Amino acid sequence: MKKEVDYDILQGLNDDDVEVICQNVDLDVLLHPIKHNAKKYNRYTRLLGRMDKKSLLAQKNMPKIATELYHKGDNAYYQIVAIEAMELKHIFIKIIKNELKVSITLKDLANYSIEEYISLFTQIEKIHGNSIDVQLFVLQSKMNGIVIDKEKQIILTDQWKYHCKFKQLEDDFQLEKENLIKEHKSNTNSQLKKQRAHYETLILEKEDNENQLREFIKNKENGNFELEKEITVYKSEISDLKMDKLQNIEFIKSLQKESLNLSKTIEGLKKNISEQNDKYRIELRKEWESSNLLLLKENEELESKVLELKKELEELTQKKKELLISLESVQDLMDSCTVDFKNQMVNQLVTKTVEEVNQTNIPIQSFQSSSFSEQSELYIIDGSKVAEHCMLDDNEKFLDIIESNLENAGCKMRATELIDNINATINSNLIPLLCGFGTRKLAFAFIAARYAENPTVISIPNGFTSIRQLEVAINSAPTNCIIIEDAFGKMSENIVLPILRNNLKKQLIFCCEDLHNLKYLDNYYYNYFQLIQVSRMGNYKLIDLKYAKAEDLFKRIEYDNKAIGHQLVRYLVDEIDLSDTYKITRGNMLTYKIQELSYDKEKAVHKWIKKELHYLLTNEQEEKIFEKIENNDSIFKE
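Number 277 in this note's numbering belongs to position 277 of the sequence shown; there are no gaps in the numbering.
For the record, the hints were derived by calculation from the structure and aren't laboratory data.
Mixed in with the good hints there might be a few duds.
[Claimed, not checked] In silico PhoX-like links for lysine-lysine, alpha-carbon gap of 25 Å or less:
1) 89 - 64
2) 89 - 161
3) 161 - 412
[Stated by the list, open to error] Beta-carbon label-pair distances, calculated as ranges:
4) 414 - 164: 29 to 37 Å
5) 189 - 618: 44 to 52 Å
6) 125 - 42: 37 to 45 Å
7) 198 - 159: 42 to 50 Å
8) 151 - 538: 53 to 61 Å
9) 313 - 576: 19 to 27 Å
As the structure is a prediction and not an experimental result, all values here were calculated from the model.
By construction, the Cβ of each residue, glycine as well, lies at the ideal position given by its N, Cα and C atoms.
Go ahead and model the full structure; you've got the sequences and the hints to work with.
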């Protein structure tokens, strides 16, 4: 039989009461009307993600939407709120009347003090499957005719929070106490077992000793008769020894006189030796001081030579840098000259061919010479700009599109954290360096959602050295976004640096397959790009991407040195030999994550250390950074 809905129960409820009810309704119940009438509720579906109770967007927005539809008089949600209110009222009465150990009436409950309410909450919480929400309890009381005033609600909420914290402390203490008792009991049992084994060993040894002693006594008793004979012999010998003793006493007295004379002689010898030692000690000290002065002079001369060698080493290092810069300039000049020479040769060949054709009156064909005939050495996949795309002005829409693209690309990483890292990198005027399997697909998914393009892909072959050819390939690309692959780990790193210095208008994204490719990369490259590690990518085909332009959602940023990210970077790595540019860019990036993306300071710093800074530091430097964090963790938790 269908249960009749009592709509009169809603008459005494205010807006806050309805909001509390909607927050406590199962999300599947709230989502049911929208799922079965998507056309009617079309304006709300984009706010609910996948319209599943596990969706973060649904958990965040559905209670608010239900409250709004209730106030608009929507029949479905009006009925849901009424049914849920009836159920909450019935549950309250059931618990108060049937499930408590002490019998309580609603009339008794109306006169309860704060302490009695706290005691009641404790009893209810002990019932399996129940927990306490003070706002919900106040609402259930109100629906059953018990009104708790606002002041009493505030006090009751504070007291219950205090009670919960106190109970948690008691539980933690009890758990620790039980663990200590178990540990003590285990240690005691182990000691008792060891002592028992020890005592059993002693008992066995005692029994063995007793047996040996009995045997010994038996043998001694048998030998007593012979001992008596021996005693008689010994007595005779003792008498003889007494006579010898008297003779020895006289001899000892003579020896004592001789010893006294020898002692006097020894005292004289000791005095002579002491005088000679003092004399030799003075001579040795003079000799040591003379030798020490010579060694000090030699040490000063060595230190002076070391300083001269250091100065010479610095000069040689500076000359080496100047020579490397000069070598790079010469290389560029040689590339330019080679290209000019090839152009001249091609132009001469074309001119000669045209003249020969004119002489024979054969129709002239059109020739187009390429200034960079070696461009075929680069593997290039031309991209395209997608005309059919949507313009985004809402961050939640952007997240929906990027989550869908990443899922289609086979990415199993947390989408929000990954996209925040890429956006923070670009918005901090750095170039993303994606490292891991499947980075090209991930870059395609991101660029489609933010720039509405299928990017141009440039793959650099082993040993490629033409900077000018690479620059022309980038500038002539039909798209704004360009993916550059295989630039690191193949002896081609040097051609990338001039490109990075040129501050191109194109949006570059570098991709490499493994962190091992970056093992020997100099730290100054990180002044230009941010390392972003990619993992958990499936080997799927890239299909069904959604295209959108979201540039209006993001802004390029730069903060002053008082910003929170700059303060954290200075505190952690100020004493480490990293360039100022690196410190400034990472200060901007951390500030962007903390201020614009609401990241926790400690989380943002630990992610930066784990995902990038770890690879630029020695183990000792990294230990010092973590020691700083532990010694002053209040900086990261303010």
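A quick look at each hint next to the structure:
For a cut-off of 25 Å, the pair hint linking residue 89 to residue 64 stands: about 22 Å separates their Cα positions. Pair hint residue 89 plus residue 161 holds up; C-alpha atoms about 24 Å apart against a cutoff of 25 Å. The hinted pair formed by residue 161 and residue 412 fails the criterion: a straight-line CA distance of about 39 Å is larger than 25 Å. Judged by the Cβ atoms, the range 29 to 37 Å given for residue 414 and residue 164 holds: they are separated by roughly 31 Å.
Checking the proposed 44 to 52 Å range against residue 189 and residue 618 shows it holds: the Cβ atoms sit about 47 Å from each other. Here the CB-CB span from residue 125 to residue 42 is close to 42 Å, well matched to the stated 37 to 45 Å. One distance hint, 42 to 50 Å for the beta-carbon pair residue 198 and residue 159, is violated here, with the actual separation near 58 Å. Between residue 151 and residue 538 the beta carbons are some 58 Å apart, a value that agrees with the proposed interval 53 to 61 Å.
For residue 313 paired with residue 576, a C-beta distance near 22 Å keeps the hint of 19 to 27 Å intact.
Of the numbered hints given earlier, the model fails hints 3 and 7; all others are met.
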